[in-house]
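Enquirer: Make a model of the complete structure from these sequences and hints.
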Amino acid sequence: MADTLLELAGITKTYPGVIALDNVSLRVMRGEVLGLIGENGAGKSTLMKILGGVAAPSAGTIRIDGHDHAALNVNAATRAGIAFVHQELNLFENLDVAANVFIGREKLAMGPLMLVNNAAMRARVAPLLARLGADFAPDTPVEMLSIAQRQMVEIAKALSIDARVIIMDEPTSSLTLSETERLLQIIADLKASGVSVIYISHRLGEIMTCADRVVVLRDGRMVGELGRDALSHAAMIRLMIGRDLKSLYIPPRQPPQPGGCDMADIRTTAFPDRTASLSVRHGEILGLAGLVGSGRTSLARTVFGIDPLLAGEIRLDGKPVAIGNPREAIRQGIYLVPEDRKRAGLILEMPIRENVTLANLPHHARALLIDRKSEARTARAQAASLSIKAPNVETQAITLSGGNQQKVVLAKWLSMQPRVVIFDEPTRGIDVGAKTEIYALMRGLADRGVAIVMISSDMEEVIGVSDRIAVMHEGRVSGLLERDQFSEYNVMRLAIGQALEAAEGTA
Amino acid sequence: MTKELGLLLLLVVVSAITAAINPLFLSGVNLLDMANLIGLFGVFSIGEGLVIITGGIDLSVGSMFALLGVVFLDLLTEYEIAWPIALLAILVGGVVLGAIQGFLISRLKMQPFVVTLCGLLIYRGAARYYTTDSTRGFGYGDEADTLRTLAAGHVYGVPNTFIFLVLLAIVMGVLLHRSVFGRYLYAVGKNEEAARFSGIRSNAVIAGAYVLSGALAAISTVLLVFYTNSVSPSSFGNFYELYAIAAAVLGGCSLRGGEGSIFGIVLGTALLQVLQNLVNILGIPSSLNFAVMGTVILLGVLADQQLQARRKAAAAAAGAARAAAHAPALAGRGQET
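So the sequence lines, in the order shown, correspond to chains A and B.
The numbering used here applies: residue 1 is where the first sequence begins, and numbers increase by one.
The numbering used here applies: residue 1 is where the second sequence begins, and numbers increase by one.
There may be inaccurate statements among the hints.
To be verified - Heads up, simulated DSS-like pairs for lysine-lysine below, C-alpha to C-alpha not over 25 Å straight-line:
(1) K3/B with K312/B
(2) K342/A with K49/A
(3) K389/A with K342/A
(4) K3/B with K107/A
(5) K342/A with K109/B
(6) K109/B with K389/A
(7) K373/A with K389/A
(8) K49/A with K312/B
(9) K191/A with K49/A
Don't read these hints as lab results, they were simulated from the structure.
Expert: Below, the structure written as structure tokens:
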């Protein structure tokens, strides 16, 4: 524990016009879990690129095993035992687990024929998987694996090169609660066997659980370091944003109004043998919690008309509405802010203006010809009211930050007449500052009488933002919580399919 | 628009060099001959371009010419049907074939390459079986003289085919660049899923592109029939789909979808015809025809790609500088995201 494995001293990295890192010094001990936090753009990824040998620092030294390096390249980083578990997993779905672990350094057979020796690779991978407690075999095709299992493949890959430091960048952003716990257990095991982990996450709860020490970056500078005993949410948030974050909860201006959207006995293709029922009232934010794969996204997609409705009824203000495709949902004022904004929310190569008007184009057209001035007016008005940071509305969506991209998706729906808006993981991969803005926007919508469903796997968000929480478990709604019943414990119990304890409300 | 300007420049330079070597290139006869060919090839190239913008491809147009061509001639000569009805029948035929292909591709999710490749084989086979491989031509009568004047005539020496292409390009340009349908074509071509999540009926949009391609192929059939005056079912229109794809790609359409313009496609068609003409007029062995075309397309697309990469890098640098200037608190965002 005491000896230093690697040390960064005075690392500075400048890009034309930007100082990404400014004199950052950092030390990683053997067998420790180092939490690395900071808002998007704070310089975490740049720092990790330097460690992985992808980018060279402009100044400073990297000391590994007592040797100084001005810069690393990818091979040197690998030789030094530095391994990445990427945020967006870099696996080949069409190959099996062993082939992925040994990609680029395949074991060969048959001498000059240089054929790939699958048997040898699988034999090497099996003990690594056993060490991680994986429930799949080395010859399983990766396309059959869940995201959590794929992550284990990445970790196995790291172990196969005898990694001494494993860098995990937002490893839990797509994991369920139980998978997250499993990962945290694996990290504890790695640590016990002397492997160090650099854990980058926006989820402070996980950092609290697993980190021995936390380093906070802000604007490319190291602004603080917290030891295990000094760790608290408040302390971390204060360092990250340089000010105290107010409570996430913004109370509604008025109680929920009657009416809203009833989803009655909905049967989706994900759980054809189960039914889910859910009601959201005008003027409230209903949090929808549950494990990933519990049917929340399927429910949202079905109500929005992307997936077919196998059975059940969707009622708006008591009146049944027929929704067979997104067009009909949109006509009813039911909008979806999808989980994967880059794939389903936006057309990245199009400018902000065209993205904002895409769902309402006939409204901006006369005799089927588009009135670009009308489009631009709407886009500018939305950009101003959502404070989208971009030079103008002709800026391509691809150049915006995650938070601003999400605001463009919102602008598309806000420029129309929303009655029910379903947000699916609205703040995934978005920095703390933009998150607060998104929460305020949701509350603003609710106060205008819109019924809001917020699907979220982020416990702090579900508990902090919702007026009520519905929890799903394996295709069913397993319980509803009012604000006085909110607790991680209660959400968790419902998410894993257990009933609430009787005396919980008064506890 | 920069892409089109580059292409226009290339067209002018190639023409100037050719004219310098052989001034006959600029003779009235040669220019009008080229204009006629540009008109003939431009019409179906525009249809091909629309399909390519949706991220698809249409390999069937050449065979469609053969099948619709023999039917058209039979309707006029064998069955002696009035030309407006024959013309309408051919148009409907093109629309129906396009609709079937569009249905298979959008609703049944088959790959455009496979569907239209099978179309290429089936239509050609059907045309050859129907005619027992014999060439169809006009009789000695004066069938469809009015239509012939329309399709193969000229106004003040300018071929009607060229005039028609100009008018068509204007109409299709407005459709693609100004209409709701045009915006949807680009949206679906760039990101079909996001288009669907915005309530766009992407299946209908994609099928629409194939229907338009079929309709323009039908019009081209009629123009081509009056140009050649006969249809040999095994060779009529052979490889023409490749001319169309080449024109669209040269004109700035990306086979990945979502990119391209009508003006670009027309310029691409024109450049291809100038290259063909140049081979003849400069006395280059005509066997090198395809090789010259292939080389120019390869170089053109390569140059365009390089220029774009450079422009993108410049834009990224500008974006980073902007981020630094506007939001110093968020410095480094350019690298992070």
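Enquirer: Indicate, hint by hint, whether the structure satisfies it.
Expert: To see whether the hints hold, each was checked on the structure:
1. K3/B with K312/B: 14 Å, holds
2. K342/A with K49/A: 23 Å, holds
3. K389/A with K342/A: Within the cut-off at roughly 18 Å; holds.
4. K3/B with K107/A: 48 Å, violated
5. K342/A with K109/B: 23 Å, holds
6. K109/B with K389/A: 39 Å, violated
7. K373/A with K389/A: Given that 25 Å is the threshold and the Cα spacing comes to 21 Å, the pair holds.
8. K49/A with K312/B: Roughly 22 Å separates the two Cα atoms, so the pair holds.
9. K191/A with K49/A: 22 Å, holds
In the structure shown, a violation is registered for the earlier hints numbered 4, 6, in ascending order.
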